[in-house]
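Enquirer: Each chain, letter by letter, is given below.
2 protein chains.
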Amino acid sequence: MSSNSSFHFNITKKLEGTLARAGEIHTPNGVILTPSFVTVGTKATVKSLTPEQVRDLGAQVVLANTYHLYLEPGDAIVAKHGGFPKMMNWHGPTMTDSGGFQVFSLGTAFDQKVSKLSKVEQITDDTPYAISEKALAKIDEDGVTFKSYKDGSEHRFTPERSMSIQWNLGADIIFAFDECTSPMAPLKYQQEAMDRTHRWAMRSLVAHNLLDTGKKQAIFAVVQGGRFEDLRKESARILAEMKSEAGDEFDGFGIGGSFDKDDLGTAVKWVNERLPEGKPRHLLGIGEPIDLFLGVENGCDTFDCVAATRIARNGGLYTLSGKININNAEHKTAMGPIMETCGCYTCKNYTRAYMAHLFRSDEMLGATLASIHNLYFINKLVADIRQSLLDDNFFTFKDEFLKNFYKN
Amino acid sequence: MSSNSSFHFNITKKLEGTLARAGEIHTPNGVILTPSFVTVGTKATVKSLTPEQVRDLGAQVVLANTYHLYLEPGDAIVAKHGGFPKMMNWHGPTMTDSGGFQVFSLGTAFDQKVSKLSKVEQITDDTPYAISEKALAKIDEDGVTFKSYKDGSEHRFTPERSMSIQWNLGADIIFAFDECTSPMAPLKYQQEAMDRTHRWAMRSLVAHNLLDTGKKQAIFAVVQGGRFEDLRKESARILAEMKSEAGDEFDGFGIGGSFDKDDLGTAVKWVNERLPEGKPRHLLGIGEPIDLFLGVENGCDTFDCVAATRIARNGGLYTLSGKININNAEHKTAMGPIMETCGCYTCKNYTRAYMAHLFRSDEMLGATLASIHNLYFINKLVADIRQSLLDDNFFTFKDEFLKNFYKN
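Chains as they are written, first to last, in this note's numbering: chain H, 1037 to 1444; chain Y, 1037 to 1444.
Derived from the structure by calculation, the hints contain no laboratory data.
A hint or two may mislead.
A pair counts as met if it fits within one copy or between any two copies, since identical chains are not told apart.
Heads up, simulated EDC-like pairs for lysine to aspartate or glutamate below, C-alpha to C-alpha not over 16 Å straight-line [to be verified]:
| no. | residue 1 | residue 2 |
| --- | --- | --- |
| 1 | 1183 | 1108 |
| 2 | 1224 | 1265 |
| 3 | 1251 | 1427 |
| 4 | 1083 | 1399 |
| 5 | 1251 | 1176 |
| 6 | 1252 | 1284 |
| 7 | 1186 | 1399 |
| 8 | 1368 | 1108 |
Make a model of the complete structure from these sequences and hints.
Expert: Right, here's the structure in full:
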């Protein structure tokens, strides 16, 4: 990270014949051992957990959402606290996203029931495609106008505004403002959106460096291009080479947008083969176990995802043999822990029967204990993947884990 | 507690001219320094908190509700864990109530909008009084038949059943099965209910001692009698002297039922003047600051109440200057803690503005942090009351606290 003296990325080990690597991202608030799972604290709180619980379950980094904190409590209040990490009492490294994903979820993807990983089989240039009339966000060259999901009030994000908000939010690593497209969008729209994202990336880079003269924050560009090989490669190449007139470059890269579910590894590889090896790469909003292996194997260093905590709050719990649902009748009398070999606080202290009781009673502690378990599981998984890279047995570990986890 | 070798109650200090005393209740799971606030963990969880958080905020004792744990997950499952304390991972002293309070809230008090502390001005023997046709509980001499609030299924509690359930739940201190009457009930009904409660107390005492041959649990009788001086005195006298044919006595006493809001101290005094000085006295379901002072002054040693955590979950927070509502607009930008001089985890680490944000965002951590604060406040208050007894300045402390807390 030559452009930013507070940050370094060191590669400790590379896995021959792949893009995978183990490394260390140094930030002003601590070192991130990579590959690393990034815990999502959307509104400056990891849902149902104190920051001490988050730290103790093995989390290294917390990511908050720019869009949500902008709407509530507002970035000015957050800035008064000295940034969201201080406000929420988290003392480790942090990230904020750009707000661009909300363009996707409130704009192009609105009413279309699509997600980041979709099965999209037959989209051609002629596939009808229109952004819903009911969409809460409208995109133009300069930025995005959107309505608050809270009260319908109208707001506007531009690259410059995203930078100033993220400056107020105060994370160690921030993202350039981008447009995250729908997997339903045809090539023509994807190309336009990607080109716009590149122009926004340059504006973000310039705006950020005008604010952050002390180099307190690292800025990552976001690679887009959807499912299209040519676009993904072009986006990676352009952003890798992007340099402002003042000579500033990006400190790392995010890989955003949506992917064909069966092709995540391939799409990530297209990108990472073209990004500079010496800068960290974050895969945005992806974090199921299979995706973590594919991401690491194809050169990603960090991952954020709400899945672990969202499914936990509904009683979905990870085990080495796959997910279980604690609401199923069989667990009501089960005296063992969620997972026998798990070292998390929940598994060391509570039975499945007690967890089942908490969920059936709608007790908040159920969400807390389930979130601790799932986040521990995912953090441990990524730490184990890292160790397997250091020990040169990544593929053995991957095959064994996936065989057990997805056996049903 | 001569009848029970695992338990002792030592009085450390008495406040001359009053019934107040500081002491120590020794249980198989630790010592309770009295006066002490008992934290309610209704369904074997203190809502929104881990047991470590409960311990760290200064709680000494947790009380679970027999009625709720009987219905879910069932006392057999709890027994498989070795009792509710082991099930919930709480390592200190514990209590369970008798289930009798649910007779009150589902039976006589059903549909009548009354609480334990009511303003009842003009009830005579002729006041119309009828238990609602819709009541979910029906009382007879032998026990209570009630319908589950969960699924409408029919269940029955008797003194013997309450003892066997509480044995399975495994608390250190349990309560005899009692009928908690409505403050709307006239003298005649109160007399009948009290006499029945005394017969149930004897049956509870006998049944308990047949189960608990190793003296693992202490059993407390529950004094009833509502607002009526003669009944309260009679109930205290009868239960104080009660001894089974096998020679067993109660290890302590609960003071149950409802009170005239303006007369709590007087009613408690009627009772405690007649209970044996050497046994502990628990005031059931009462715990607002003013009530704690009145209870201690008039000879109560322990108190349980859900108010601190219930109001916390709605954003009501204790301060030395009274309660605040964190949802009020003024707190949105307040950079100080809930209470400047508070030593709780929440006040040491978070601003009012952050708390306001969590509540406005419906984030679960808001309930957790608010509950920690309120429980710390109440536990600290009772610990300070205890210290004021030891230091001979109870009335000075009481006057100063109440003047500030209720100044508005």
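Enquirer: Up to 16 Å between alpha-carbons, please classify residue 1183 paired with residue 1108: within, between, both or neither.
Expert: The answer is within: 14 Å in one copy meets 16 Å, while 44 Å across copies does not.
Enquirer: Could you figure out if residue 1083 and residue 1399 sit no more than 16 Å apart (CA to CA) within one copy, between two copies, both or neither?
Expert: both (14 Å within a copy, 7 Å between copies)
Enquirer: Checking an output row: residue 1186 and residue 1399, CA cutoff 16 Å. Within, between, both or neither?
Expert: between (26 Å within a copy, 15 Å between copies)
Enquirer: Measure nothing new, just compare the shortest in-copy and cross-copy C-alpha distances for residue 1252 and residue 1284 to 16 Å and report within, between, both or neither.
Expert: within (14 Å within a copy, 72 Å between copies)
Enquirer: Can you tell me if residue 1251 and residue 1176 fall within 16 Å by alpha carbon in one copy, between copies, both or neither?
Expert: Answer is neither: 30 Å inside a copy and 77 Å across each miss the 16 Å cutoff.
Enquirer: How would you label the pair residue 1224, residue 1265 (within, between, both, or neither) given a Cα cut-off of 16 Å?
Expert: Result: close within a single copy only, 14 Å intra versus 86 Å inter.
Enquirer: Have a look at residue 1251 and residue 1427 and pick one of within, between, both or neither, based on CA distance no larger than 16 Å.
Expert: Neither: 35 Å inside a copy, 57 Å across copies.
Enquirer: As a check of your reading, is residue 1368 near residue 1108 (CA-CA no more than 16 Å) within one copy, between copies, both or neither?
Expert: This pair counts as between: shortest inter-copy Cα distance 10 Å, intra-copy 39 Å.
In summary, the structure is inconsistent with hints 3 and 5 from the numbered list given earlier, while agreeing with the others.
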